[in-house]
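Chains as they are written, first to last, in the numbering used here: chain A, 1 to 465; chain B, 1 to 465.
Rather than coming from a laboratory, the hints here were simulated on the basis of the structure.
The reader is advised that the hints may include incorrect statements.
Note that identical chains are pooled: a pair holds if it fits in a single copy or bridges any two copies.
[What the hints assert, rightly or not] Straight-line alpha carbon distances no greater than 20 Å define the calculated EDC-like cross-link-like pairs of lysine to aspartate or glutamate that follow: (1) 177 to 282; (2) 177 to 419; (3) 149 to 419; (4) 177 to 437; (5) 359 to 339; (6) 107 to 346; (7) 368 to 339; (8) 106 to 346.
Being a predicted model, the structure only gives us computed values, none of them experimental.
Protein chains: 2
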Amino acid sequence: MNFFFNPDGVAIIGASGNPLRGGYHILNNISGGYKGRIYPVNPKHDSILGMKCYPDISSILCDFDLAIYFIPAIFLPSIIEECAKKNVRGIIIESAGFAEVGEEGKKLQEECTALAGKHNIRLWGPNCMGLLDGHSRHVFSFMYSDLWKTLMVPGNVSMIVQSGMLSAIFLMTILEKGGMGVNKICSIGNKCDVNETDLLEYLIDDPLTGVIGLYAESIVDVRRFMKLCRSTTKPVVVLKGGRSPSGARAAVSHTASLAGNYTIMKHAFKQSGIIPAYDFNELMDILRGFSKTGHSKNNGGTAIISFSGGGGIVTADFLHDFDLPLASLSGETLKSIKEVFPAWMDPSNPVDIWPAVEKNGVETVYTKVVDAVMHDRGVDSLIVHAFSGICDSSVFRPLARLKEELGKPVIAWLVGVGEPYHAFKRDLEDMGIPVFEEMGRGVRFLHSVKQHYSKKPYNPNVSGL
Amino acid sequence: MNFFFNPDGVAIIGASGNPLRGGYHILNNISGGYKGRIYPVNPKHDSILGMKCYPDISSILCDFDLAIYFIPAIFLPSIIEECAKKNVRGIIIESAGFAEVGEEGKKLQEECTALAGKHNIRLWGPNCMGLLDGHSRHVFSFMYSDLWKTLMVPGNVSMIVQSGMLSAIFLMTILEKGGMGVNKICSIGNKCDVNETDLLEYLIDDPLTGVIGLYAESIVDVRRFMKLCRSTTKPVVVLKGGRSPSGARAAVSHTASLAGNYTIMKHAFKQSGIIPAYDFNELMDILRGFSKTGHSKNNGGTAIISFSGGGGIVTADFLHDFDLPLASLSGETLKSIKEVFPAWMDPSNPVDIWPAVEKNGVETVYTKVVDAVMHDRGVDSLIVHAFSGICDSSVFRPLARLKEELGKPVIAWLVGVGEPYHAFKRDLEDMGIPVFEEMGRGVRFLHSVKQHYSKKPYNPNVSGL
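Next up, chain A with everything else stripped away, as it sits in the complex (with noise of 0.2 Å):
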């Protein structure tokens, strides 16, 4: 598989010099990132973007790894054809008007398929948008915009998406919010050849990728699909598309998937250790969370320091909601806490420092209390709130070490307005802190962390990247 995402010349069946065309922007996109030989196919033009452009395949005189489908779905055989001549090892259909439009486009896609298995030819699509990564940023797509080119950052979160629009949404996301860098992100459409568990399987085997994320809207290979995931200490976060009868209705028409029964699957998940996701966004923070937290124990309870008496009493009644203790705070780290205190007040968990960070100032009592806590041994993970009017992030500096050190995840919970609030955001997210800016997903994700890593080992890939 690994010719779709590095490959050894690409050529651009259908580039375009109108910017209003997704050939243009396949082009655009291949040549802002790719470096090695790119081929633009269209009869149309001598050259476009200032490269030599190709009447048709056969004109381009070297081999090349692989082919961009941009034009109508019914020349897609005879380009197949073309593409064997060259020795192509991989297509990637970027059109839609197979499958998805009726018996005559599945007729269409069956037929190609075929085709490219005799000349062992892969196909990946066709109704997508391709892919992209943010290492070598290899941006084989028509998406229409070029804020990746300022706003990706190279990561260890890989997507694989079933719907061509999604993944441009879930990039988009990424991009607007940022705290999460971008390896792969493949899109996979009707999946005619290359299905989401081919691409699972590279995922897990891609030293760069530290946690996987997939909206499906139907598992091809179910049984592969759980035992790879089975098999891998990655992370694998799953939004299924079409989980009700009448979103199952919709995947049909949309990527002519067949949804499957969700309650059966939804066990398999289970079973499986695949962490489930049920909103857009959900799937994007827990992604994000993973992507920053490479290791946790499950051997106490979660402690909580806020700022909030309001904050910590709503964050427990979430840790009860979804099963995780709240720690219990030995003898010796309440001592030790209580000095920052005043004499009336005797803290408990969840901490709320407010009363201490009126007496003794917030770096002072952050710096005390987060050591304590996080050093108790009825403590493995920890949830702290923090307000941008109050302090900036460099109060946390001694906790990114403290979770590493020790191996307790932290998340933070973060209120605030402008940019000094962006700007703590930022900070903590770089420091290996995610920030939920819901309490309850938040809480959501440390359950799923918990979870994973009592099942599975610590995977170095995660947080060394």
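The hints should help you fit chain B onto chain A, whose structure is shown.
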């Protein structure tokens, strides 16, 4: 109660010239909005912020309605006596050090409550952040930030918050995220006298309040509270802290609250038409949604207009989770929208408009599809997805009108990056279409809206603001 919100004269007991002290911010906040007489009281200063400062209450020559108390707890009894002589009607006690600090504080609090009762003075707090009014711009609080001066928009959302810090957090979230206009935010702390039920009654009668949100750790007078909720057509959304045993224990030390049995309370909430919330942003999102949604029928199903097949499918899954029917579009509607779709595609609900957009452009398609779907008799609500990369908010102007004309609530899920995204979001919200970042949250809101207005008639206070 109106003297708390619109007093004739305010004294600040503990006004300070030091910007590191709350007593400075109370004065600064009041003078930034309140147009009446202001009396700073502090024996150490002759003037603060250019205002004459009084050594004690007896030095103030005129009577005044309201005192804001921000000196150590121990002095409160004598201040109550002095206030009585000036015919003070209410004291907002923002200092801590009362029932939340143990037996001694509890005794002091009870003593003060009795004393004030004797003098017919109402007490607000203690251990709270006071109040804020988006319309009058009265900010009777020690909150440290001036941001309200530039970011606060008057609106129809009022809140009662039993946590000083959380009321600030809610406000910061509103200021940071926008999209919601503020009426009154009431931080009630230990509620030794004025409690959530008193304020609920006041806000139900308040013509500027259209929707009421509450964070409560306990409800003092449950029967009266529930009766008020049953009696009003205004949506009342409640986030109850201390739902769990551990959360309830934490509530005792936070605001000396007995959280009560949530299982019983949950049932009573439902019977009284209270809309529950569980997370901070969820409370905000539901309030924001209601602030823009004054009516709804419950006589059909929900239509989904999505530019992503996957987006439509997941949204349909959420509708199923919340038992909201997916509308069956009429033959007439389908025939009408079919005109803008390519021949191979027979649209159905969810309406995946992307193939139509590729053929006919985004404006033509949204206009056609929105109009047909909104007029369909089987449709009582609409979820619309949009992407700031392909259009701006102007295509939704007709929808904003249709929504009001037809009395069908509309919510949006919006994707995009940077300023075009934020501008799009602001515009939609200004048009009365709440934007949800979390699709599941949006569907949850729609469920609440349909539930609420099917039981309670349309409330003109909501959409009129």
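Each hint tested on the structure:
no., hint, result
1, 177 to 282, "both (13 Å within a copy, 19 Å between copies)"
2, 177 to 419, "both (14 Å within a copy, 13 Å between copies)"
3, 149 to 419, "between (23 Å within a copy, 17 Å between copies)"
4, 177 to 437, "both (11 Å within a copy, 12 Å between copies)"
5, 359 to 339, "within (11 Å within a copy, 70 Å between copies)"
6, 107 to 346, "between (73 Å within a copy, 19 Å between copies)"
7, 368 to 339, "within (9 Å within a copy, 67 Å between copies)"
8, 106 to 346, "between (69 Å within a copy, 16 Å between copies)"
Hint violations for this structure: none, all hints satisfied.
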